Amino acid sequence: MALHFELVTPSKLVRSEDVHMVVVPGTEGDFGVLEGHAPVMSTVRDGAIEVYATASSQPERIEVRGGFAEVGDNGLTVLAEHVEG
Amino acid sequence: MASLKELKDRIKSVKSTQKITKAKQMVAAAKLRKAQAAAEAARPYATRLSAVMASIAGKVDTDGGPKLLAGTGSDKRNLLVVVNTDKGLCGGLNSNIVKEAKTRARALLAQGKDVEFYLVGKKGRAPIKRDYAKDVSREFDTSTVRNPGFAEAEEIADELLTMFEEGKFDVAHLVYPVFKSALAQDPVTVQLIPVPAPEGEVVAANGAAVDYEPDEEEILAELLPRYVKTQVFGALIEREASEQGASMTAMDNATRNAGELIDKLTIQYNRSRQAAITTELIEIIAGAEAL
Chain A
123 MALHFELVTP
133 SKLVRSEDVH
143 MVVVPGTEGD
153 FGVLEGHAPV
163 MSTVRDGAIE
173 VYATASSQPE
183 RIEVRGGFAE
193 VGDNGLTVLA
203 EHVEG
Chain B
-11 MASLKELKDR
-1 IKSVKSTQKI
9 TKAKQMVAAA
19 KLRKAQAAAE
29 AARPYATRLS
39 AVMASIAGKV
49 DTDGGPKLLA
59 GTGSDKRNLL
69 VVVNTDKGLC
79 GGLNSNIVKE
89 AKTRARALLA
99 QGKDVEFYLV
109 GKKGRAPIKR
119 DYAKDVSREF
129 DTSTVRNPGF
139 AEAEEIADEL
149 LTMFEEGKFD
159 VAHLVYPVFK
169 SALAQDPVTV
179 QLIPVPAPEG
189 EVVAANGAAV
199 DYEPDEEEIL
209 AELLPRYVKT
219 QVFGALIERE
229 ASEQGASMTA
239 MDNATRNAGE
249 LIDKLTIQYN
259 RSRQAAITTE
269 LIEIIAGAEA
279 L
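These protein sequence lines map, in sequence, to chains A and B. All letters in the first sequence, in the order written, are residues 123 to 207 by the working numbering. All letters in the second sequence, in the order written, are residues -11 to 279 by the working numbering.
Treat the hints as calculated values from the structure; they're not laboratory data. In this text the structure is predicted, and so the values were computed from the model without any measurement. Treat each hint with caution, since some may be false.
[As the list claims (entries may be wrong)] A few chain A residues facing chain B, derived, Cβ under 7 Å:
(1) H126
(2) L135
(3) V136
(4) H159
(5) S164
(6) V205
C-beta: ideal position from N, C-alpha, C; glycine also.
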């Protein structure tokens, strides 16, 4: 069971990998995305995305600014203008 | 007939010119590879963003939609955003861009519309000012940074959006070169503001209801400026690749021309040398016979 997660900035594809869960800081509140999540489009407030590679692992934090998240059949795609770290 | 020494000096100077053009050609080739890689890397973001835009824009009716999508209701005042390079030595690239911009400006003026220019890059300034000196509203300098990237695109787009909000223009077009190959870079004009309704297959054909957070209008309002930025960024990246491609081709030609010139001069040099030797021999023989 894995969620396909992509993080894209204008200059490059930062991440494209299968992970367990991603917690996205949406404008209207954080939401976690697991595999099979219903389709959602949401703007993302400036903050950290938490990526859980496996169910038990420590989250990896990626700071994004100017983001937009889309959950569809092919997983979660985050478009961000700036990514730090 | 030039003297031997003159010919020799001439050959030497052409040779050093050839060395320079050769070096510039190789530098351009290396930079072109980098620029192409950058263009490649920028593609996923642009395609995803326009896909999202297309799926949302279909759901929001344009009449009540944001101004960036619907326009101001007039198309009187036009802004031409012309993207030129900062450096020369790239063949006809800049003059082609300027030509395209001027054609566009003339067509708009003929329709009784106002035209203003927003110039990006140094090399477009002089030729455009020659004809439209008072219509250049702003020049954006990208020559201070080594590789103009998203930060510069953002700055340009922000400035354009502010100008649009202040009502300084109704329609903006972006004129920039599209990199087709090292031999062909064609200038194109695309509408930037108002954002043309994105075309593309409507996603979510599977009938799954998509949740929007916040709602469609707000997401669209946030995505539109971002779309403009992406467009400008795309233009900057294309410009970079076009500049290097054109430069490579131009320098390749220059190197070849220099080579031909050197060959010609060398033949001439050898002939004159031989002629001089022959004359000398004849003089010696004639002198010996006279004795």
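Hints, verified against the model:
no., hint, verdict
1, H126, "violated, 14 Å"
2, L135, "holds, 5 Å"
3, V136, "violated, 10 Å"
4, H159, "violated, 10 Å"
5, S164, "holds, 4 Å"
6, V205, "violated, 11 Å"
The earlier numbered hints that this structure contradicts are 1, 3, 4 and 6.
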